[in-house]
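Going down the list, the sequences are from chains A and B. In terms of numbering that gives the first Met the number 0, the first sequence is numbered consecutively and its last residue is 427. In terms of numbering that gives the first Met the number 0, the second sequence is numbered consecutively and its last residue is 427.
Just so you know, the hints here were simulated from the structure itself, not pulled from any lab data. Don't take each hint at face value.
Incomplete in silico selection of chain A near chain B, CB under 8 Å [to be verified]:
#1 L275
#2 G278
#3 P329
Glycine included, C-beta positions come from ideal geometry on N, C-alpha and C.
Number of protein chains: 2
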Amino acid sequence: MRVLIRGVAVIPRPEAGVIPKADVVIEGRRFSAVVVGEEVQGPFDRVIEGEGKLLIPGLVNAHTHLAMTLFRGLAQDRPLMDWLEKEVWPREKKLTGEIVHWFSLLGLVEMIRSGTTAFADMYFFMEEVAEAVEKAGLRALLSYGIIAPKPERIEPELKKAESFAREWDGKAEGRIRAALSPHAPYTCGPEVWKRTVALARELRIPIHTHLAETREEVERFRAETGRSPVEWLEELGVFGVPTLAAHCVHLSEKDIEILAAHGVSAVHCPTSNLKLACGIAPVVEMLKGGANVCLGTDGAGSAGDLNMIEEMRLAALLAKVHTGDPQALPAPEALSMATWRGAAALGWGKDLGTIESGRRADGIMLNLAQVHWFPNHDPLANLVYAGQAADVDTVFVDGRFLLIGGELQTLDEEEILGRCRELAKRFK
Amino acid sequence: MRVLIRGVAVIPRPEAGVIPKADVVIEGRRFSAVVVGEEVQGPFDRVIEGEGKLLIPGLVNAHTHLAMTLFRGLAQDRPLMDWLEKEVWPREKKLTGEIVHWFSLLGLVEMIRSGTTAFADMYFFMEEVAEAVEKAGLRALLSYGIIAPKPERIEPELKKAESFAREWDGKAEGRIRAALSPHAPYTCGPEVWKRTVALARELRIPIHTHLAETREEVERFRAETGRSPVEWLEELGVFGVPTLAAHCVHLSEKDIEILAAHGVSAVHCPTSNLKLACGIAPVVEMLKGGANVCLGTDGAGSAGDLNMIEEMRLAALLAKVHTGDPQALPAPEALSMATWRGAAALGWGKDLGTIESGRRADGIMLNLAQVHWFPNHDPLANLVYAGQAADVDTVFVDGRFLLIGGELQTLDEEEILGRCRELAKRFK
Numbered sequence: 000m001r002v003l004i005r006g007v008a009v010i011p012r013p014e015a016g017v018i019p020k021a022d023v024v025i026e027g028r029r030f031s032a033v034v035v036g037e038e039v040q041g042p043f044d045r046v047i048e049g050e051g052k053l054l055i056p057g058l059v060n061a062h063t064h065l066a067m068t069l070f071r072g073l074a075q076d077r078p079l080m081d082w083l084e085k086e087v088w089p090r091e092k093k094l095t096g097e098i099v100h101w102f103s104l105l106g107l108v109e110m111i112r113s114g115t116t117a118f119a120d121m122y123f124f125m126e127e128v129a130e131a132v133e134k135a136g137l138r139a140l141l142s143y144g145i146i147a148p149k150p151e152r153i154e155p156e157l158k159k160a161e162s163f164a165r166e167w168d169g170k171a172e173g174r175i176r177a178a179l180s181p182h183a184p185y186t187c188g189p190e191v192w193k194r195t196v197a198l199a200r201e202l203r204i205p206i207h208t209h210l211a212e213t214r215e216e217v218e219r220f221r222a223e224t225g226r227s228p229v230e231w232l233e234e235l236g237v238f239g240v241p242t243l244a245a246h247c248v249h250l251s252e253k254d255i256e257i258l259a260a261h262g263v264s265a266v267h268c269p270t271s272n273l274k275l276a277c278g279i280a281p282v283v284e285m286l287k288g289g290a291n292v293c294l295g296t297d298g299a300g301s302a303g304d305l306n307m308i309e310e311m312r313l314a315a316l317l318a319k320v321h322t323g324d325p326q327a328l329p330a331p332e333a334l335s336m337a338t339w340r341g342a343a344a345l346g347w348g349k350d351l352g353t354i355e356s357g358r359r360a361d362g363i364m365l366n367l368a369q370v371h372w373f374p375n376h377d378p379l380a381n382l383v384y385a386g387q388a389a390d391v392d393t394v395f396v397d398g399r400f401l402l403i404g405g406e407l408q409t410l411d412e413e414e415i416l417g418r419c420r421e422l423a424k425r426f427k
Numbered sequence: 000m001r002v003l004i005r006g007v008a009v010i011p012r013p014e015a016g017v018i019p020k021a022d023v024v025i026e027g028r029r030f031s032a033v034v035v036g037e038e039v040q041g042p043f044d045r046v047i048e049g050e051g052k053l054l055i056p057g058l059v060n061a062h063t064h065l066a067m068t069l070f071r072g073l074a075q076d077r078p079l080m081d082w083l084e085k086e087v088w089p090r091e092k093k094l095t096g097e098i099v100h101w102f103s104l105l106g107l108v109e110m111i112r113s114g115t116t117a118f119a120d121m122y123f124f125m126e127e128v129a130e131a132v133e134k135a136g137l138r139a140l141l142s143y144g145i146i147a148p149k150p151e152r153i154e155p156e157l158k159k160a161e162s163f164a165r166e167w168d169g170k171a172e173g174r175i176r177a178a179l180s181p182h183a184p185y186t187c188g189p190e191v192w193k194r195t196v197a198l199a200r201e202l203r204i205p206i207h208t209h210l211a212e213t214r215e216e217v218e219r220f221r222a223e224t225g226r227s228p229v230e231w232l233e234e235l236g237v238f239g240v241p242t243l244a245a246h247c248v249h250l251s252e253k254d255i256e257i258l259a260a261h262g263v264s265a266v267h268c269p270t271s272n273l274k275l276a277c278g279i280a281p282v283v284e285m286l287k288g289g290a291n292v293c294l295g296t297d298g299a300g301s302a303g304d305l306n307m308i309e310e311m312r313l314a315a316l317l318a319k320v321h322t323g324d325p326q327a328l329p330a331p332e333a334l335s336m337a338t339w340r341g342a343a344a345l346g347w348g349k350d351l352g353t354i355e356s357g358r359r360a361d362g363i364m365l366n367l368a369q370v371h372w373f374p375n376h377d378p379l380a381n382l383v384y385a386g387q388a389a390d391v392d393t394v395f396v397d398g399r400f401l402l403i404g405g406e407l408q409t410l411d412e413e414e415i416l417g418r419c420r421e422l423a424k425r426f427k
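Chain A on its own, in the form it takes in the complex:
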């Protein structure tokens, strides 16, 4: 299969800016050429007209709980623990594999429609999530979320996490990879972490966890252990394994040095952090310190949606007010966080995240003919500061098209919306 995207504006990698017009060739699962100013030789199995469109690397959502689309809009504007204890946890007890499957599909439709091509998800019933991802055609790093506050929970939780990882890592033609996910330092003790690290090393897979999300959590942890959660995980040897750490809101200077020294990927989730009043993560400081910082939405139950364009915008805006510097986190840096930095965090760094010959063909096209892009002095700045999910016109992963001209290619949206509407009635 050889595909030509003809005469399209391209951002091959954010640091290099915008090529106003190029021909982009996909051969099989990879980009094979980005050609400017000369004729590209056919034949092609498919030609897609790129005029009036902007082609960028697919967006990477590095921290989600996909099936929590079920809880979108439910009992909003509540304190986190109150919301979890009274609203979410009682309902999560009623979850079944079937429900997780359908609400994962719902989240996948939303992600495709807003330009996400790869994501890192942590939840329960992960086999059902993985089947949904395989069907949808996205790329994902998936993990079972281990919560083991009591010793007797350790064995069954680790077993679930391990069996999922062994079964699914490398599946769906390599589009699905597995991770191990102790939920957080405050919900899993040293034994869980040590055994997870050993297993991650054996399976050569990463760890995906929550880290330093709220001030209270960090302060309590420090009072109990004499260490910050970051210091504690380092001592346990966790960061010897590639690690995605969601949130990273409350960090000391030393914490930032530790994250950077070990190449930990911090997943900034600005909407979720604001909405739950957690705080503003020190993104600029982490980037300056040399850490890899990428972006995530968190679950739609807490964040409202799975829209990565808005997370880019919010990250760029928040960094400015947080540092007092309007030049902080400029648009290209925000797009880097949403593309190649996310790809690196998920473990596809060498293979993904830019539009260059030899890289995996994961990309999206946005429609520039919308009024809110005009007069389009700078499409990259407009993408970050004015772009909308509805501008996403075409989406492909591994050279396979998931959305063309706004039409879903792999999923039946009507069926998914209908099933979710029915299933949601049990959760009022």
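Given the structure of chain A, go ahead and fit chain B onto it with the hints provided.
Okay, now just chain B, sitting in the frame of chain A:
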């Protein structure tokens, strides 16, 4: 003209929540009934099916510089003064009435498409802006922006402001009203303010200005005058006239008391304030103190777009992190700021801002069949935390339809985009 919107979900006013299904009747320029659970008597000149839609009061953007859509995306991520002095002001010298007219139309298309029905605009060539507004069919409070740092500028500036106000106040069947706009306390001296107040009293029109946007501006002002800009304006008697004060980021407790005591409307512009690293306005404190706080985008040159749904979301999110309270500024309050509080700020408080019998028929319908609304436990929360401009399906002002099923009714979008594309080439 009698119109029925049949079987629609309605938020008549945000505090009252969502009516899942109602028939809404418009007679002429006003709502005449919101009927639940019984048959509505015809005949009707037009029947609009509301199933799967959400009807809310039209959004009010209380601070814009419409024609600055011309500068969208231009030299972004720069310090404010650097951006103004090197990029914007030299280009503004090249502005003509024609250019302002077309880029105002561009902004009007964007506003209609994102659900704004009324706005407050301050700029130059305001006659051209007013003509564009009249054609588009929106409702607006318009004013010429007076900048008079030197004494010899006072007369010509006041004259322009006055002649525009006298000519346009009450025009376009009452949809256009005029205001007077000394640009800010630091760009206009006491004489300008005093004469503006006298003229505003004579013409019975409000004042629209910028207030306390940056810390430096407020500190310098206090050093020079011994007063905060708010205290200074109060002493000059400005707040005896209904006043819209854009930004209000850097306020003392006393300032907040003054604004509340005089019924000043503070226009919170969260995107612009973040993007220019100005700070986060004390919105919750102002509301608690009894001030009217509404929402604005500011110009698209600095803010990126004219999208009020995003300003609602950002206001709700920022208030939470700013106060440390996830219950701060809940979704209904954000929607109030974007609707009836904005209407009150623009001087239409008794006539506009809710969907109730006797009120002006300004409203918008959003398409609930989009994936990011599902499963829709709470349409009001979803509107604020997941809603997108592209969900706006239908827009009407004074009972006249400006957008139906995503189709513009009063403006020729293709012509406007084409003209703006050509005109923008002079401003690269």
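- Query: Per the CB criterion, is P329(A) less than 8 Å away from chain B?
  - Reply: holds, 4 Å
- With a cut-off of 8 Å on the beta carbons, see whether L275(A) makes it to chain B. The hint holds - L275(A) has a Cβ within 8 Å of chain B, the shortest such distance being about 5 Å.
- With chain B as the partner, please determine if G278(A) meets the hint condition of a C-beta pair closer than 8 Å. holds, 6 Å
Every hint, counting from the list given before, is met by this structure.
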